[in-house]
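Asks: The lines below spell out each chain.
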Amino acid sequence: MSGSAELADKLVSAWRRQRGEEIDVSALQALSTGASSDTYAFDATSRGLREHCILQLFGGGESFVSALSKTDQARTQQAAFHAGVRTPEVMLTVGVDDGLAEGFVSRFVEGETLGKRIVGDARYASARRVLPQQCAEALAAIHALDADALHFLPLQTAHVQIGELAQRHHGYGEDLPVFEAAFGWLRAHQPAPTLPRVVHGDFRTGNLLVDEQGLRGVLDWELSHRGDAMEDLGWLCLRSWRFGCDALPVGGFGERAAFYEHYQTASGIPVDIAAVHFWEVLGTLKWGVICQWFSHRRLRGEIQALEPAVIGRRISEVELQLLDLFEGRGP
Amino acid sequence: MFSNRPHRNELSAALRESLVALIPQLEGKQRFELRVALNAFDIIERETVSAGAAAESERMRLVQLLDRDGTLVELRRELCLRLRDGRQRHDAPELLSALRAGVLARLAFDNPGFKPFYRDGDPA
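As they're listed, the protein sequences go chains C and B. Residue 26 in the numbering used here sits at position 26 of the first sequence, and the numbers go up by one each step. If you want the numbering used here, it's the 1-based position in the second sequence plus 1000.
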């Protein structure tokens, strides 16, 4: 209770310092303790106006390769918000000056994020019809952001990412021939270098806030970087994010052809189908290395829950997806 | 059977029934964690039944692919080395079919519901 009162006081002074407004904080509650962030919900009331807010604080955990700091994550999300991308508005950033871990406060947006419900529940049937176009438009707007203004975003070409993944994977000392074949495949199929654009990096079902009308908010800008726009298209099509709706490759809710057409219309960037396929293979391998990362953190005792250990056993799903992708199987 | 009854498989079936009976009594995070635990238990049970034969089949496939003998660990290491230095092509059909057979055997205990995408000409 006192911890929560202390956090509320710190939020009041951080808000005053950055926004010059006096607020009352109420209904403060911890929502989740994620791998790398602690999330809280609270209400900020100022002059009779009540605002539902979300506070995300750095949780001290190790992040996967090249995750952004909370401050840079907030700057990217805010730039996207101002450019008209549907994403929660960032109200303020917090940090050591406020006696808090690095983090930020954003406006609460109502909606569903659970992938299984979004791709399966009757409630979201009409949302699924408009999601491919809405996602294409959101990605087009993200890829049109001024990459120079967001110069702090790391440049992550295909070459850089292959090197980082190989280093991390080999660090675990586990010989996985399918992963090794995937590194060979990726090195042989690297797309031509492109103009670096702002890439969300984790644009997928599960990180999209959805209601009956479709996309309400793009979340989790932690893996944003500069790179190839086709990377975001490939990542959205990973079988791992289809939540069982395998026949619909775009997020478990859409067909490729229509999605690519919407994207081209909205962005003016031609879709390079071979490059999207490359990024789908790279993304699948990346998810596999993330599964290894979870299981090895659990094996080293850095985290205690059972789930990360079980995630390690999802690597065989990843292996099958890679083999299917090499052979061009599946929608 | 060396053990008195219930035998190992009977005891594990009884344990599983008790855990499943707990599900409706829990909600939220605890319920989720019990489901994760049941999934882990099922993986272990399936693996106990099939892993020995799967490992020997995998070893034989690698013996044939690499044209040398060794333990499964040694052969996997050798294959990875050859893939890295290019002595084994990453897209050779005999490599891909050997890898696919091994992955399907592993999925049979890790997640038997996860199926490959079929295409014309595949065995049913």
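In case anyone wonders, no lab produced these hints; they're calculated from the structure. Among the hints, a few may not be true.
To be verified - Pairs of lysine to any residue residues, derived as SDA-like cross-links and limited to a Cα-Cα distance of at most 25 angstroms, are as follows:
1) 1029/B x 234/C
2) 116/C x 1118/B
3) 1115/B x 57/C
4) 1029/B x 146/C
5) 10/C x 116/C
6) 1029/B x 313/C
7) 1115/B x 234/C
8) 1115/B x 62/C
9) 116/C x 309/C
Said to hold, decoys possible - Just a sample of chain C residues kept apart from chain B, beta carbon distances all over 12 angstroms, derived:
10) 39
11) 126
12) 308
13) 311
As the list claims (entries may be wrong) - Computed footprint of chain B on chain C, listed as stretches where at least three residues anywhere in the stretch have a Cβ under 8 angstroms from a Cβ of chain B:
14) 176-183
15) 319-327
Note that the structure is predicted; figures quoted are calculated from it, not measured. No residue lacks a Cβ here, since even glycine has one placed at the ideal position from N, Cα and C.
Asks: Against each hint, give a clear statement of whether it holds in the structure.
Replies: Each hint, compared with the structure:
1. 1029/B x 234/C: 32 angstroms, violated
2. 116/C x 1118/B: Between residue 116/C and residue 1118/B the Cα gap is close to 23 angstroms, so the pair holds against 25 angstroms.
3. 1115/B x 57/C: Not satisfied, since the Cα-Cα distance of roughly 39 angstroms exceeds 25 angstroms.
4. 1029/B x 146/C: Measuring from Cα to Cα gives roughly 41 angstroms; hence the hint is violated.
5. 10/C x 116/C: Violated: residue 10/C and residue 116/C sit about 37 angstroms apart, past 25 angstroms.
6. 1029/B x 313/C: 21 angstroms, holds
7. 1115/B x 234/C: Holds, at roughly 21 angstroms.
8. 1115/B x 62/C: Judged against 25 angstroms, a Cα distance of about 33 angstroms means the pair is violated.
9. 116/C x 309/C: 22 angstroms, holds
10. 39: Nearest chain B Cβ is 14 angstroms from residue 39/C, so the label holds.
11. 126: Per Cβ check, residue 126/C is outside 12 angstroms of chain B; nearest 28 angstroms; holds.
12. 308: Given that some Cβ of chain B is not farther than 12 angstroms from that of residue 308/C, nearest at about 10 angstroms, it is violated.
13. 311: For residue 311/C, whose nearest Cβ neighbour in chain B is about 10 angstroms away, the distance does not exceed 12 angstroms, so it is violated.
14. 176-183: holds (count 7)
15. 319-327: holds (count 6)
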